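Novice: Sequence:
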Amino acid sequence: MKIDRRTFSLGLGAAALGAASSSTAHAEDKPVTIRFPVEYSLDVTPGIANTEFKKAIEAKSKGRIKVELFPDGSLYKGIDLLQAVVRGDADMTTLVSAYWAAVSPKISAFDLPYAFPSHEAFYKAADDAGLAKAAFDEIESKGVKVLAMLPYDYVVPGSRDSKLIKLADFSGQKMRAIGKVNSATLQAFGATPVPVNITEVLTSIQQGVINGLNTPIDVYVAYKLAGIIKYVNYAKYYFAFYPWSINKKKWDSLSPADQQLIESTAQDVAKTHRARARKAAEDSAAALRKAGVEVHDQTDEERKVWEAAVTKVWSDAEAQYGKPLISRLRSYSA
1 MKIDRRTFSL GLGAAALGAA SSSTAHAEDK PVTIRFPVEY SLDVTPGIAN
51 TEFKKAIEAK SKGRIKVELF PDGSLYKGID LLQAVVRGDA DMTTLVSAYW
101 AAVSPKISAF DLPYAFPSHE AFYKAADDAG LAKAAFDEIE SKGVKVLAML
151 PYDYVVPGSR DSKLIKLADF SGQKMRAIGK VNSATLQAFG ATPVPVNITE
201 VLTSIQQGVI NGLNTPIDVY VAYKLAGIIK YVNYAKYYFA FYPWSINKKK
251 WDSLSPADQQ LIESTAQDVA KTHRARARKA AEDSAAALRK AGVEVHDQTD
301 EERKVWEAAV TKVWSDAEAQ YGKPLISRLR SYSA
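Under my numbering, the first residue of the sequence shown is numbered 1, with each subsequent residue one higher.
Wrong hints could be hidden among the right ones.
Unchecked claim - 25 angstroms max Cα-Cα, derived SDA-like pairs, lysine to any residue:
(1) K54 / A281
(2) K224 / S264
(3) K271 / E140
(4) K250 / S118
(5) K249 / S264
(6) K180 / R160
(7) K248 / D43
(8) K271 / A129
(9) K230 / R160
(10) K66 / G88
(11) K60 / A285
(12) K248 / A121
(13) K174 / I228
(14) K279 / G88
Derived by calculation from the structure, the hints in this document are not laboratory data. Just so you know, these numbers come straight off a predicted model, no measurement behind them.
Given only the sequences and the hints, what does the whole structure look like? Please build it.
Specialist: Okay, here's the thing in structure tokens:
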């Protein structure tokens, strides 16, 4: 029997296309589970954003994609959580940027004091796709994709026994620090930085390991620190955010439709979270004052003194991370 090669070829093409379509449809119908550990409580504002993401993804996928949240460091925390996402033992996390310096030193530039003196300055940076590409390329080379920048709020200093308004107030203070640049900043202010995971702060204060900390203001409320911390200074020198990250192998295993759904949802949640995080900071300051904590709002004159004290932190960062990145960071506050 004579075979029409053109018909045979077209038949194979149609069969292949049908198989590919079937495969794509199957991939998009496949159940997906995302293991999503975080080291903080779901009651703080990033935890609320994570819960919103979970609800949105599960609703949009009609339950086909399940997001399993593990809060309070119950699965992994700190550097162990970072390594778990890199290895693929955890699929996704929102881990404060300071930890990511272990695999991408230049991300520490975001922690420079007064890099983002207003919320709007940080939002400009978060919306700059060019900055994201430059800032996260090292992280992505380690096998982790960054989907969005989830904002928190300013990491502000609080103490059991000092008002922390003048630089002299930092003398003798052992303060919880978050990463290399934040530690250098606290040292420039005159404090002794001590690395302590957020889950261990209360015990560390009670045992005298630290007598103060630097953390977003709603953490003082969520972790019930008002009975121990007597003074908080809402000084806008360090804006905390979380690279919303997912293991690259996990990402590549998803269908294009699921990738688009997950990334767009993370980005939408991160943007709508901005107003919520700001309101949470305002509400937390009011709650702390009501509980008897003395909350001070740093004045412009006080800020200038603190900024002068950290000049070397900036010059050291420029030498390490390069002038282009540092200049770009400075541009957002212009």
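Novice: Now, for every hint given, state plainly whether the structure supports it.
Specialist: Outcome of the hint check:
1. K54 / A281: holds (23 angstroms)
2. K224 / S264: violated (34 angstroms)
3. K271 / E140: holds (22 angstroms)
4. K250 / S118: violated (35 angstroms)
5. K249 / S264: holds (19 angstroms)
6. K180 / R160: holds (24 angstroms)
7. K248 / D43: Judged against 25 angstroms, a Cα distance of about 28 angstroms means the pair is violated.
8. K271 / A129: Roughly 14 angstroms between the alpha carbons, so the hint for K271 and A129 holds.
9. K230 / R160: holds (5 angstroms)
10. K66 / G88: Holds: K66 and G88 sit about 17 angstroms apart, inside 25 angstroms.
11. K60 / A285: Since the Cα atoms of K60 and A285 sit roughly 36 angstroms apart, the hinted pair is violated (cutoff 25 angstroms).
12. K248 / A121: With Cα atoms ~30 angstroms apart, K248 and A121 exceed 25 angstroms; violated.
13. K174 / I228: holds (15 angstroms)
14. K279 / G88: violated (35 angstroms)
The structure does not agree with the numbered hints 2, 4, 7, 11, 12, 14 stated previously, though it agrees with the rest.
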